[in-house]
Amino acid sequence: MEIFNFDILSLFTLTNIIAIFAGVFIGLFIGALPGLGASIAIALLLPITYSMTPLASILMLLAIYQAGEYGGSISAVTIGIPGTPSAVVTTLDGNALAKKSYPGKALGYSLAASTIGGLVGGLVLLFLTVPLGKFALKLSAPEYFLIGILGLIAVASLSSKDITKSMISVVLGLMAGTIGIDLLSGVSRFTFGRPELMEGLSIVVLVIGLFAFSEIFSMVNKNLNTKYITDTKGLKTKVTLQEFRKVLKPTFIGSIMGSIIGIMPGLGAGASSWLSYATAKRFSKDPQSFGKGNPEGIAAPESANNATVGSALVPLLSLGIPGSPTIAIIMGAFIIHGIQPGPKVFATEANLVYGIFYGFLIITVVMYLIGRLVTPLFARALAFPNSKITPIVMVLSIVGVFATHLQYIQIWIMLGIGVMCYFLKEFDFSLPSMLLAFVLSPIIEENLRRALLLSEGSYSIFFTRAYSVVIILLILAIVVNMVFSLIKAKRVQRTSIPRPIS
Amino acid sequence: MKKLLLIFLLVVALVGCTPANGSSSNKSKDGSDDNFPSKSIEVVVGYGPGGASDTIARTVATAASKYLPNDQSFVIKNIPGGAGIIGTSEVHNADPNGYKIGFSPSGPLTILPHMGEASYSLDSLGAVIKLASIPQMLHVKKESPWDNFEEWVEYVQNNPGDFTYSTPGVGGEQHLAMEALNEVLGITTVNVPYNSGGESSVALIGGEVDGSVVFPGTVASDDAKILFSFSGSKEGYDDVPTLKDLGIDVASNVYGGIIAPKEVPQDRIAIIHDAFQKALEDPEVIEKLEGLGYPITYGDSESFQSELESDYKQAGDLLRKLGLVQ
Amino acid sequence: MNSKIGSIVTLLAIVSFGIFYFWEINKVSSTSNSISSDFKFFPKILFFLLIFLCLISLFQAIKKEGTKIEVNFKLLAITVFLLVGYILSWIFTGYFYLLTFVFLFILFTIYGERGKNIKRSIVVNVATSVITTLLVYSLLSFLSVQV
Numbered sequence: 000m001e002i003f004n005f006d007i008l009s010l011f012t013l014t015n016i017i018a019i020f021a022g023v024f025i026g027l028f029i030g031a032l033p034g035l036g037a038s039i040a041i042a043l044l045l046p047i048t049y050s051m052t053p054l055a056s057i058l059m060l061l062a063i064y065q066a067g068e069y070g071g072s073i074s075a076v077t078i079g080i081p082g083t084p085s086a087v088v089t090t091l092d093g094n095a096l097a098k099k100s101y102p103g104k105a106l107g108y109s110l111a112a113s114t115i116g117g118l119v120g121g122l123v124l125l126f127l128t129v130p131l132g133k134f135a136l137k138l139s140a141p142e143y144f145l146i147g148i149l150g151l152i153a154v155a156s157l158s159s160k161d162i163t164k165s166m167i168s169v170v171l172g173l174m175a176g177t178i179g180i181d182l183l184s185g186v187s188r189f190t191f192g193r194p195e196l197m198e199g200l201s202i203v204v205l206v207i208g209l210f211a212f213s214e215i216f217s218m219v220n221k222n223l224n225t226k227y228i229t230d231t232k233g234l235k236t237k238v239t240l241q242e243f244r245k246v247l248k249p250t251f252i253g254s255i256m257g258s259i260i261g262i263m264p265g266l267g268a269g270a271s272s273w274l275s276y277a278t279a280k281r282f283s284k285d286p287q288s289f290g291k292g293n294p295e296g297i298a299a300p301e302s303a304n305n306a307t308v309g310s311a312l313v314p315l316l317s318l319g320i321p322g323s324p325t326i327a328i329i330m331g332a333f334i335i336h337g338i339q340p341g342p343k344v345f346a347t348e349a350n351l352v353y354g355i356f357y358g359f360l361i362i363t364v365v366m367y368l369i370g371r372l373v374t375p376l377f378a379r380a381l382a383f384p385n386s387k388i389t390p391i392v393m394v395l396s397i398v399g400v401f402a403t404h405l406q407y408i409q410i411w412i413m414l415g416i417g418v419m420c421y422f423l424k425e426f427d428f429s430l431p432s433m434l435l436a437f438v439l440s441p442i443i444e445e446n447l448r449r450a451l452l453l454s455e456g457s458y459s460i461f462f463t464r465a466y467s468v469v470i471i472l473l474i475l476a477i478v479v480n481m482v483f484s485l486i487k488a489k490r491v492q493r494t495s496i497p498r499p500i501s
Numbered sequence: 000m001k002k003l004l005l006i007f008l009l010v011v012a013l014v015g016c017t018p019a020n021g022s023s024s025n026k027s028k029d030g031s032d033d034n035f036p037s038k039s040i041e042v043v044v045g046y047g048p049g050g051a052s053d054t055i056a057r058t059v060a061t062a063a064s065k066y067l068p069n070d071q072s073f074v075i076k077n078i079p080g081g082a083g084i085i086g087t088s089e090v091h092n093a094d095p096n097g098y099k100i101g102f103s104p105s106g107p108l109t110i111l112p113h114m115g116e117a118s119y120s121l122d123s124l125g126a127v128i129k130l131a132s133i134p135q136m137l138h139v140k141k142e143s144p145w146d147n148f149e150e151w152v153e154y155v156q157n158n159p160g161d162f163t164y165s166t167p168g169v170g171g172e173q174h175l176a177m178e179a180l181n182e183v184l185g186i187t188t189v190n191v192p193y194n195s196g197g198e199s200s201v202a203l204i205g206g207e208v209d210g211s212v213v214f215p216g217t218v219a220s221d222d223a224k225i226l227f228s229f230s231g232s233k234e235g236y237d238d239v240p241t242l243k244d245l246g247i248d249v250a251s252n253v254y255g256g257i258i259a260p261k262e263v264p265q266d267r268i269a270i271i272h273d274a275f276q277k278a279l280e281d282p283e284v285i286e287k288l289e290g291l292g293y294p295i296t297y298g299d300s301e302s303f304q305s306e307l308e309s310d311y312k313q314a315g316d317l318l319r320k321l322g323l324v325q
Numbered sequence: 000m001n002s003k004i005g006s007i008v009t010l011l012a013i014v015s016f017g018i019f020y021f022w023e024i025n026k027v028s029s030t031s032n033s034i035s036s037d038f039k040f041f042p043k044i045l046f047f048l049l050i051f052l053c054l055i056s057l058f059q060a061i062k063k064e065g066t067k068i069e070v071n072f073k074l075l076a077i078t079v080f081l082l083v084g085y086i087l088s089w090i091f092t093g094y095f096y097l098l099t100f101v102f103l104f105i106l107f108t109i110y111g112e113r114g115k116n117i118k119r120s121i122v123v124n125v126a127t128s129v130i131t132t133l134l135v136y137s138l139l140s141f142l143s144v145q146v
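Chains as they are written, first to last, in numbering that gives the first Met the number 0: chain A, 0 to 501; chain B, 0 to 325; chain C, 0 to 146.
No lab work stands behind these hints: they were computed from the structure. Glycine is no exception: its CB is placed at the ideal position from the N, C-alpha and C atoms. Mixed in with the good hints, there may be bad ones.
One side of the interface only, derived from the structure: several residues of chain A facing chain B at Cβ under 10 Å [stated by the list, open to error]: (1) S9; (2) L43; (3) P46; (4) P53; (5) A135; (6) L183; (7) G185; (8) S187; (9) R193; (10) P314; (11) I320; (12) I329; (13) G415; (14) E425; (15) D427.
Sample of chain B residues with no beta-carbon within 12 Å of chain A, all distances over it, derived [claimed, not checked]: (16) T61; (17) D70; (18) P95; (19) N157; (20) N194; (21) I270; (22) Y297.
Within a straight-line C-alpha distance of at most 27 Å, the following computed DSSO-like cross-link-like pairs (lysine-lysine) qualify [what the hints assert, rightly or not]: (23) A:K160 <-> C:K3; (24) A:K248 <-> A:K98; (25) A:K487 <-> C:K118.
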């Protein structure tokens, strides 16, 4: 097989190795900082890579991306503020486990799961790029619409608290997604004449406002003088093999789902982390403990978001379209070196492509090694009392937003969203649902309308395409399952002896 | 332990301060001297790094730096957002001293000002030099039954409203070009918009649409064949007929070049123009741009400006006809 | 603050937002013959869904017993005020790093524990502000961003 013809040793040049290590370091650090995510680092460092060789520059950017996806979990676990948009889900169980005085363990689970996810993604990239690329071509607008709906239902199945309020959060998220130029009509919606809003609400701004600032206001309100990490022993990031065996299933689920979702252009790590969390919860032996510090709830999303990095390269290399917005930036590195990604690239730049495939696996291993060394350091650095963390995170968030957009208006939007979402959070609305709905909104709306455009208005397109029918059946199965479990829960409630109020 | 940490951070901070080079090296007064340029010139690109505009701008600007007097250079600044409006506005608002110019493709200059969100217009911006073209062509799948323009026209004339084609958006150059063709030929085709040229091409290869109007560089597959080009001239693609070649008086050019605030003194514009013009003859630039499919099409200030203005008018007419603007 | 009142007020705020959303999208005139080109279709559905859900939630909120929620309005208001002040001063004066240092120091002082050793906390606050500002500076220079 061609894959094995590649001379791996040629990969180990000094430039490439420095590129990988530098990338991992930068990715870890910037990913860990709340307010700055991997994509900002990649976008801002892309110009620096122009003077490097194509392979070195692409490997460095991929290393930043991969390490950043893990790095985001460091602050998610330690201070409850996700360092990257895809670490939002990790915050739920990660921070909960940290508060129980096991932050090191939580980080250990995250690192291990991220590494496994990254390796799986890398293997998918190595072996399955060509066949998967061909498969992705078969999916069309109706399927993407239905996948979006599937995503929304997964969100609904997660809310255990107030279902009505969660659904309201979902609708609010969908509404937020309608801001900007409407692709299918060219009309600007809700932009109030401001060009900055023409491309919609920025996800970076939304995540920071939704999660960083609302959490900051929570901290200001309640516990400015608490320190989360009081026990430095709890900072060891080692996870024993036995402990890891417990999270094998969610890691597996996360890696697979992350790989699948990464292949589909437009979805990205945010969606994959959420969906694998939902799936892991459904198949867990102890779903009730999700959200309270169950390591499974850390392993699933973290393996998913790292798996997405590798698999997002699949559509880029096989079709020439990026599988996630961050990969779209990395695509620039190809183009600036005169390489057009797409099926032709296998023939014209075989060495580069296989260099990327193998290099990616190496990046994942390096990430694990450096992660083990550096995470306790970062975690300890983040372990300041809230009275110090809060203003620092405020400044970092503002800096992060400004660095990404260079527009003051985005800072105001972030603040506004932060204030509103603080209150929404206080009164039991679901911010994660809002975020996922926002991400899915354009996928759902655009593809529905495009499907109808292609079918000339006929809804039968959803029932005549085999792939669509499969997804519809899947949706029905999940909905039926949800309804049954609800009924069962209500029945159990009614027949159980009322417990004394504790 | 805490102290160590603090020291660590300090070291990081100090180390971090050093590699920062790039931007304003010698901050002289705002260029009111006759020794232009006395510091580096910023070239604003209204799109993120890695796209077509950024690639063209960077390639030519790096080479053009060699031809600037006083050892100065051009520095690219990416200011993405608003489909190019934000970056272009920045050039519009810049001080007219020649230290902040921009690279823009034709879209934000000829189409977007009609839509209402742009604060600039061709009256407030001056064209300096046209650099390269981004020709748009109609692609169909290799197995499709039409081998040339005539066969395609015959099909669409007999099957109105049947032929679907993908474009990167509604009201963009590709959509408008096709609509202009529809009108001249008296046919109806259906535009299916996608988020980018890449997605549009994939939609074609995947069979979702019958055709795709995109820049050939985005179609990274052998599965497609080109029927014709919308450009006014061959522009290096010698085996692709243009509509003009086929006798149809429709042409829609997509191109990019350097713009600057209108009031920049002529002698400074000339220096910038000459540097870029020499860069266009640089063999490395030619190899890179043409290798990616962007034909180098030089145009001086006057011809660039008048081309922009006539395309602006043409776009306006089409947009009003389509009901996209009042 | 009672959670019941909070929920109700929030829900009413959401409803008014929904009405504003609906009004805003209706402002643009449109003539579309099919859903695919109708940019109002999806927003309208969302609006009706929102109102429907909010009514249900209002009903539920009124029925439920409220719990007491602690909200430190004073501190939150001061924080927001300082944030807005910081950003405005930055926009109008441009002295980003100086302002960052001052902003950090003020917040550290306000948030800090009312401890015995005032001198020590001042030193710590100044040091932390300086170091954070340096960190931000090195970050921004590394990313080649100009403030």
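Quick rundown of the hints versus the structure:
The criterion of a C-beta within 10 Å of any C-beta in chain B is not met by A:S9, whose closest approach is roughly 24 Å, and the hint is violated. The criterion of a C-beta within 10 Å of any C-beta in chain B is met by A:L43, whose closest approach is roughly 9 Å, and the hint holds. Contact between A:P46 and chain B, as hinted, is supported at the beta carbon level, the nearest pair being about 6 Å apart and thus within 10 Å. At about 13 Å, the closest approach between the beta carbon of A:P53 and any beta carbon in chain B exceeds 10 Å, and the interface hint on this residue is violated.
Given hint, A:A135 at the interface with chain B, holds; its Cβ is 8 Å from that chain's nearest Cβ, closer than 10 Å. Taking 10 Å as the C-beta cut-off, the interface hint given for A:L183 holds, the closest approach to chain B being about 6 Å. For the restraint placing A:G185 at the interface with chain B, the shortest Cβ-Cβ distance is roughly 4 Å, inside the 10 Å limit, so the hint holds. Evaluation of the A:S187 hint against chain B yields a held restraint, the C-beta minimum of about 7 Å falling below 10 Å.
Restraint check, A:R193 versus chain B: the minimum CB separation of about 7 Å is within 10 Å; hint holds. Here the hint on A:P314 is kept, as its CB sits about 8 Å from the closest CB of chain B, short of 10 Å. For the restraint placing A:I320 at the interface with chain B, the shortest Cβ-Cβ distance is roughly 4 Å, inside the 10 Å limit, so the hint holds. Nearest Cβ of chain B to the Cβ of A:I329: about 8 Å, under the 10 Å cut. The hint holds.
A distance limit of 10 Å between C-beta atoms decides the matter here; for A:G415 the minimum to chain B is near 19 Å, and the interface restraint is violated. Checking A:E425 against chain B: minimum C-beta separation of about 33 Å lies over 10 Å; hint violated. With its C-beta approaching chain B no nearer than about 35 Å, A:D427 sits outside the 10 Å limit, and its interface hint is violated. Look at B:T61: its CB is around 8 Å from the nearest CB on chain A, not clear of 12 Å, so calling it non-interface is violated.
Every Cβ of chain A is farther than 12 Å from the Cβ of B:D70; the closest lies at roughly 19 Å, confirming the non-interface assignment. For B:P95, the requirement that its beta carbon stay farther than 12 Å from each beta carbon of chain A is met, with the minimum near 22 Å. The non-interface label for B:N157 is consistent with chain A: the shortest C-beta to C-beta separation is roughly 17 Å, beyond 12 Å. Not every Cβ of chain A is farther than 12 Å from the Cβ of B:N194; the closest lies at roughly 6 Å, contradicting the non-interface assignment.
For B:I270, the condition that its CB be more than 12 Å from all CB atoms of chain A holds, with the nearest at approximately 24 Å. Distance check for B:Y297 against chain A: the nearest CB is about 21 Å away, which clears 12 Å, and the non-interface claim stands. At most 27 Å may separate the alpha-carbon atoms for a hinted pair to count; A:K160 and C:K3 meet this at roughly 16 Å. Proposed proximity of A:K248 and A:K98 is supported: the alpha carbons are some 24 Å apart, at most 27 Å.
Taking the CA atoms of A:K487 and C:K118, the gap is about 62 Å. The hint is violated against a cut of 27 Å.
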